[in-house]
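There are 2 protein chains.
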Amino acid sequence: MNIKSYLAKKKAIVDKALDKLVPPAKTFPASVHEAMRYSLFAGGKRVRPILAIAAAEALGAKTSDLLPLAGSLELIHTYSLIHDDLPAMDDDDCRRGRPTCHKVYGEAIAILAGDGLLNMAFEVLSDPRRTKAVSANRLLSIISEIGAASGVHGMVGGQAVDMESEGKDIDFPTLEYIHTHKTGALIRASVRVGALYAKASEKSLKALTRYGERVGLAFQIADDILDITGKEDEIGKDVGSDLKKGKKTFPGFYGLEGSRLRANEVADKAIHSLRDFDRKADPLRELAKYIVNRVN
Amino acid sequence: MNIKSYLAKKKAIVDKALDKLVPPAKTFPASVHEAMRYSLFAGGKRVRPILAIAAAEALGAKTSDLLPLAGSLELIHTYSLIHDDLPAMDDDDCRRGRPTCHKVYGEAIAILAGDGLLNMAFEVLSDPRRTKAVSANRLLSIISEIGAASGVHGMVGGQAVDMESEGKDIDFPTLEYIHTHKTGALIRASVRVGALYAKASEKSLKALTRYGERVGLAFQIADDILDITGKEDEIGKDVGSDLKKGKKTFPGFYGLEGSRLRANEVADKAIHSLRDFDRKADPLRELAKYIVNRVN
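Chains as they are written, first to last, in the numbering used here: chain P, 894 to 1189; chain V, 894 to 1189.
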C-alpha cells in the first residue's frame, strides 16, 4: 500500500468531517469561532483521527459513523496546541508556518478558542444527531477514554510537568512522564477510540493499546529529532526551539543517532504488536513507519 | 423552611462530594492539583450543584447518585472563574477574598488548572464507578446539556462577547447575550441536570427550564448590583471592578433602584414557573428569593 496516498485520502475525509462539526467562522461571536477555525484548519496532518480510523479498519469496521468521534480527537489536539503556544506557556509565535492563534486573535480569544474546542469535543461526543449509530454505553466508554487522555491524568498533567521542567536538568523518568502524558496519552486514546468503536475483543484492544503506546513514543522521539534537524519551512516552526527554551529532550539523553535508532526500534515494536492482525492492519503498520520517517 | 440552613447543609454535602471527585493536592504533578483544589475550595456557595439537587428533590428523587453530576457543574464553574480571572481576560487579583489562582500558581499552571477542571467534569460524567446508577442514555443527555452550556454556544461565547465589549458602549441586547450565556447558561443547565436525573416529565422539564432561565437572570442582575453596592469584605473582590473596566452592566441601563425592582420581578416569575409543583419545590422557591437578596 501507498501510505502517502492513504494519508491524503483520509485527511480529506477528516477535514470534511471537521468542517461539519465546527460552526461557520461568521457565527456570533465571530472572534472565537474564527479563532477556532483558524487553528483547526492550519494544515494539521490529522494523525490522531487517522489512527482511530485505521484502528477501526484493522478490525474490519466501516468508519463513516466514527468520523465525528475521530474529529473530536482533533478538536482536543488543537485546543492543546492553542493553549500550549500561549505566552504564559511555551510562548510560540509560529506553528505550521503561520502565526499562532494568540498572535492573530489576542490572548483572551485564544484561551477561549481553546476552551471552546475542548468543550466542543464533548458536545460532539454526546450529540445524538452525530453519534446515533454508536450505543450509549460505547459512547460513554469513548468519552471516558478521551477525558482521561486529555485531562490532568493525561495531557494537562504532561504539560504541567513540562512547564515545571523548563531550564531544569530533568532525569529520564521525568522526560518519559512528559512524553507519555503530553503526547502519548491522546495518541494511545485515538487508537483505542477506533478499537472501542469497532467493538474490539479484549485481546485485540490490548494489542492495539500496545501499538498506540509505542506509536505515541515513536512520534515524540521523532518530534524531538525534528526540532533539531528539521527544516524550518517543513516543520513550520523555529528549529531548535526546545533547546532555546532549555528543554531537555530525547536526543539530550540518547544523542541524535541513538534517538533515531530508538525511534525505529519502537516503531518496529509497534508493528510487532499487530502480529495477530491480517492485511487490514497494514495502514497501521505503515503509519508507524511514516511517523518516525516524517519530515514535519 | 429555613433557606440558610438548607444551603449550609447542602453545601457541606457538595463539598464532601467534590473532595472525592478531585485527586489529593499532593498527586503528581502537585502544582496543577494544588491549583485546582485551591480554586475549587475557595469558599464557593455551590449555587449550581444545589440548584441541581433542589430540582431533583422538587421531583421527589433521591439525590445521592446525583452528587457526582452536580459536582461536575461546580468543576466547570470553577474552571470558568480561573480562566476569566487571567491577566489576558478580566485580570482580577482577588476572588472570594483570596488571591486568584494565577496570582498564587502563575499563569501557566492557572490555565492548566482550568483545563484540568473542565476535563475532569467530563471524566466524572463518563466514569462508570461514579455514575452507575444513572442510565447511559440519561448520562449522555446530561453531558450534552453541560457541554452546550459550557462551550461556545454558552459560557465561552458569553465571555468572548464580554471581552469584546470592554470599554464599548454596548446596547441592551448585547448585555442580555452576555448575561444569558456567561452566567445564565450554566445555571439553567444546573436545574435541567437535576430534572433530567430525576426523569422529569416533558411538562416539568419545561417549567424547571423556565425557572432556571429566570433564576439565572436574577442571579446576574444581583451580581451587577453587588459590584456597585457590595461590601468588599463580603463579596471578596474589589467593589466597582466592572465600572473600572468600563463594563456596562444592568444598573447602567436600569439604574440601581430599577435593577433591584427588575431582579425581584424576575425572581417572582421564577417562583411562578413552579406553580404546578408541591411543597417539595419550596427550596427552589426560597433559592430564587435568596439569589436576589444575597450579600455575596
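Certain hints may be false.
Note that the list lumps identical chains together, so a pair holds whenever it fits in one copy or between two copies.
[Claimed, not checked] Calculated cross-link-like contacts (lysine to any residue; reagent style SDA-like; alpha-carbon spacing at most 20 Å):
#  : residue 1 : residue 2
1  : Lys1138   : Asn1030
2  : Lys909    : Lys955
3  : Lys1025   : Thr1122
4  : Lys1096   : Asp1064
5  : Lys919    : Pro1066
6  : Lys913    : Lys996
7  : Lys1061   : Phe921
8  : Lys996    : Gly1145
9  : Lys1137   : Cys987
10 : Lys1099   : Ser1037
11 : Lys996    : Leu914
12 : Lys955    : Gly937
13 : Lys919    : Ala1041
14 : Lys1025   : Ala1041
15 : Lys1137   : Leu1098
16 : Lys919    : Arg1187
Source of the hints: derived by calculation from the structure; they are not laboratory data.
Enumerated hints in conflict with the structure, sorted upward: 1, 3, 4, 6, 8, 11, 12, 15, 16
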